[in-house]
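Heads up: the sequence shown begins at 4 in my numbering, then just goes up one per residue.
FYI, nobody ran anything at the bench for these hints, they're computed from the structure.
Where is the CB? At the ideal position from N, CA and C, for every residue including glycine.
A couple of the hints might just be wrong.
To be verified - Cβ-Cβ distance ranges computed for the label pairs, FRET-style:
#1 N199 - N106: 38 to 48 Å
#2 T132 - F111: 47 to 57 Å
#3 M149 - R88: 44 to 54 Å
#4 L160 - K192: 43 to 53 Å
#5 E16 - N93: 51 to 61 Å
#6 I109 - L160: 24 to 34 Å
#7 N93 - M149: 46 to 56 Å
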Amino acid sequence: MKKYKSFLAQHLEEFFHYRRELGYVNKSLGSQLQVFDHYVLEHAAGFEDLTPAFFLEFREKISGSPANVNNLIGTTRNFFAYLLRYGHVNHNPVQDLPAKTENAFIPFIFSPQQTEDLLQAVLDQMRRTKKHFLIDLGIYTAILLMARCGLRISEPLRLELTQYDPGQGTVFIHKTKFHKDRLIPLPRKVKDHLDNYLSLRKVMCPESPYLLP
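Please work from the sequences and hints to get the whole structure.
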């Protein structure tokens with residue numbers, strides 16, 4: 004069964020294989036090209052129909068968030084840049100198509116007092132039962148490491164015991180964001196807390212190789 008059915012079918016197939024050979028194919032490329040192909044099949048008979056107005060209308064018909072729309076238009080723009088490079092068209096009709104305005108993500112910045120209040124709230128919510136205490140203390144420890152040492156949200160959960168050096172008071176982070184290693188010195192109070200936590204964890208959960216349970 005043919006993946007593409009419009010008059011651009013062969014070009015779309017060649018473009019997909021071209022991108023794959025370059026190592027740029029992700030899971031969404033094929034589906035994005037199929038969305039474009041389906042729209043062309045219904046609304047265009049040849050290259051003469053692929054005007055900027057055609058793509059403005061196409062942009063408005065794309066479902067999903069502004070980011071999803073912009074990603075699909077970006078793929079379409081790359082497709083026509085490919086056609087232009089190989090002489091199949093004499094211009095890129097998507098080149099100047101404006102992007103949709105995306106909702107900017109604005110992170111919440113905690114003040115020092117809000118950070119203290121958050122840590123205290125987590126402490127106040129800790130359950131003192133044998134079944135739950137170590138887990139809740141581990142959650143507090145993870146939040147403490149993020150608040151005091153700048154660890155990213157996923158990093159405390161991946162830490163292994165071997166990444167903590169109690170002698171130097173440092174935590175070594177392997178290949179995180181941007182594939183960089185980081186050596187993080189712990190403030191004295193954080194180190195003291197971590198040492199106390201690990202002493203308790205050694206008794207209650209000695210078999211785990213991870214820093215947190």
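Worksheet item: Looking back at the numbered hints, which does the structure fail to meet, lowest number first?
Response: 2, 4, 5
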